[in-house]
Amino acid sequence: MTCTWFPRAIVKHPWLVAGISLGSVILLGVFALAVFGIDSGGGDGTGMFLALGDAIVRQGLAYEAILKFSQDGVVIPQQSEATESLVVFFSAHSGRAFTPEGLAAIRTAQRRLMSVAQYEDFCLRDSASGNCTAPVSPLRMFYTDDTGEGEPRCGGGELDQACIDGIVRAQLDGNGTVVGDNKVFFSRMFSPTTLRNPVTRLIIQFGGPLKGYSSRSDGEDAQEDAFKTLMKEYVQVFKELDNNGAVSGYYKVNHLGSTIISLEVVSYIMGDLLLAMGSVVLVYAFMAYFTFSPLLAAMGLLHILCSFFGAYFLYRVVFQIKVWPLPAVLGFLLLFGVGADDVFVFVDAWKQVSHLPAAITSDPVARMTVTYKRAASAMFVTSFTTFVAFAATAASPLPAIASFGIFSAALIAVNYLLVITWFPAIVWLWSKHCAHRCCFRATDRFAATHELTADQDGVELEEQEEEASGPSSGSGFGSATSDAEATSPHGSDDDGSVVGEHAHNIENMRFMERFFHNIYAPQLFKIRWGVVVVFVIALGLFIGPENGLPSGSQAHDAVELNENAFDPDPASEVNTIRVIFGVAGLERETASGKKLDRNEQGKVGRLIFDPSFSLAPPAAQQFLVDFCAQVKAATCASCGTTPSVGNLVLQSGLDDSRCFMTEFAAWVTTVRNGSFPVAADAFNSELAAFLETPDAVSIRSGRDVLLDANGVPLYAVLNFVTPINVVESNPVMRKWFDVWVGVTASAQPPASLTTRFATLGAGASPESFAWMRTFELLVASVYTTLAISLALAFGMLVLATANVLLAILAFVALVTIAGAIVSTMVVFGFTLGVNESLGLVICVGLAVDYTVHLAHSYNESEASGHLPRARQASRMRLLKTQYALTEMGVSIVGGAVTTLSSGAILVFFCKLLFFKRFGSLIFMTILCSLFISMLYLVSLLFTLGPLGNAGRIKVALRWAYVKMGGKSGAVLRWLA
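Numbering of the sequence shown is given in UniProt numbering, commencing with residue 1 and proceeding in unit increments.
Hints in this document: simulated from the structure, not taken from any laboratory.
Beta carbons are placed, not taken as given, at the ideal position from N, Cα and C, and that holds for glycine.
Below, in silico cross-link-like pairs of lysine-lysine (DSSO-like), each with a Cα-Cα straight-line distance of 30 angstroms or less:
| id | residue 1 | residue 2 |
| --- | --- | --- |
| 1 | Lys595 | Lys68 |
| 2 | Lys252 | Lys916 |
| 3 | Lys603 | Lys68 |
| 4 | Lys252 | Lys228 |
| 5 | Lys68 | Lys228 |
Here are the in silico distance ranges between beta carbons for each label pair:
| id | residue 1 | residue 2 | range |
| --- | --- | --- | --- |
| 6 | Pro77 | Asp708 | 15 to 21 angstroms |
| 7 | Gly742 | Ala682 | 31 to 37 angstroms |
| 8 | Val179 | Gly53 | 44 to 50 angstroms |
| 9 | Ser248 | Gly742 | 48 to 54 angstroms |
| 10 | Gly742 | Asp681 | 34 to 40 angstroms |
| 11 | Lys239 | Pro694 | 35 to 41 angstroms |
Produce the entire structure from the sequences given, and follow the hints as far as they go.
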């Protein structure tokens, strides 16, 4: 007996079914939102793109934690610690930055930037005088004070071009190389011959803690919010400068700072997300066109959007994931395609069942049961494979990508639940009350010829299905014919011509169904072998990240200038190696022991200190001094990428590499007139006294050493400014990492300093060792996840078709799609970054839908009873594939068009590279899937598609069961 209770419930109580299904999903989501809200994880809300489980990554995070670490009772003087810098680039329109007019423009800009009302509340202050430190300005080369407000350095004369050229020439050594502290103002494009420098820069430094706070971590969120407010004011100031002809007439001005860029990036993200969500309108238009009903399209789109509520409930309440990063929104873009495809499948099944005999179409329960059975199974197969593919990303080492995959999988699951509960009830209500008033009527035989009522049960469903598939059936996809008819000149020949028109009465079907049945299938059948050969050959051929900001935007140009226009120098924090002693690890939890979510930004975690660490032993003191001297003198001609630098450490610049123990030793011997190393019992008190002196300002600011409440050092940090460039490729960065691991490993410290490691940068900065390691793990995980997704997809294909041979054909097409996507990425110059990795991970989930649809429909074609019998295998394959194309072609094309439109909006209208690249990957995946499925897979079915019992799993199981002596009638019937 066919299970009819739910289709019967849909027909008898459609409002109840619709209300319970959609209402329950919405209520669960509202509950989760009301209780937990939405936490984007702080920062810019994009989530954590670091492999938090890796030791190298945690070392980088440990240094970030050191910068934020504070101890009760330790008070830092107001604004004495450097927090952030605002770098302003001046690109001269004339190609020459140092001219009298240009310097006047820089002075105008600098005055405006320093006159911001709250500047003095955030500036970096000199610990001795308490005054704001002067900006690092190129004006100091040409005027007698650092602010550029003094007299010109021209012997009392005017600052003309000759004077400027003389000052610039004085910065050069005998080889024409810029030396000294002013090197920071000269770009790589500077010509020592012509003295032309096309771009220069100004650096404004800010400090913390702010007034009213004892440290940077005291009221950290409030201090960060206050600084963001200041940066918002600076955004307006830069807009003023762009409109000030006294400045913009000579320079293009760009600015760079982590907070101000973050604000701009967030504005780009929100704009792109709104634009991406605007694709709903386009998706709705296509759904209305393919369903021939604006109302059905609106109801289908409603349940797609409402899938968020159920998915968020699963994500937050069931899976207990606290942070919902913004990239998870991209799951909606994928859901538009998958959800629209499901809507098309159900609507098409409802329409196609209307062409069955009146025994089926005259009974609402019978029609709904046949439709439900056909559509629900087809949608389950595609939804489950897509669900599994997305769920596989949970294994990604990057929490943001794992969260995206989990949330997307939840969206797919909830959407399937709604499309088999809510949407069938809506379709029935629509057919009952609206179909006879709408254009859908012309394609709905049921609505056109029968009184719609839910009160009649008609004949038993099994009898109706038997009649619909019996010898007298003359409608549907085809009627049964004799062997003679099948081999008659009017029937299908092996050349692929169509079986007689009387066998396929589809004149009432839509244009697309008639196209796939009468034109596409027969014509492709003729060239099937050629298509197979071409794709087999093609399959043999199938086998560094950008800054991600909008091209041409001020943020993009500022990052490019910072990375490419200036050499690495000691003024840049990103090329500083820190060798850290005494830190054993990092726990992702707060000081109170509360676990941090993997995607939570801003809160790094709790430092784990080595209990055996101590600086007091004289051997430990002397080791740090000697180690620092040895590293500074070490050469490494083979590991650097700056040819002129042969040392591990840069020797000159605005700051030298900082070794606090060396400075402490000098203070002890010169100021205290004592001896070094200091006696162990006096060391802690002497170090505490040294840290209170003006000489130790940079040490305190950099958190090179921190004392606990008892005055005992907790850890030690040595800082080495290196020639590592911020744009190093990952292999080069790995080489640098190995060199520094060797440096720290080869040292032989005393027992109290054995816990040590070297790290570059802090946290998720692209120049850090943490990101280098994350990228390595990301690449490895992409291929692992892709292999897992393909294996699971094959398993699902086997289960869905219950036919090993058919699953293999569909899997070959799926592998070809994956290969085509990778090849397309190579052709278009994509490098494997976060965007590309995400695209490769989800490609299987998106690509499998169309292959599963065709394979499932091909497999069900013989059981449907709507195919004529044919003697030749090739003719039977034509009929089966023709059935699959007629049944699923419209749904496949409709789903592809909606998903392609979503991807196209991202590609052509979004600003951020992340969204553009994601959209292009969606577009490529869907285009490759549609092309290969509708050509290659169809041709494979034409040529090698299994017939009868070939490849059927049940047949093999029945044979094995009988061989083992099984005699149960129920089992044998099930295995029939």
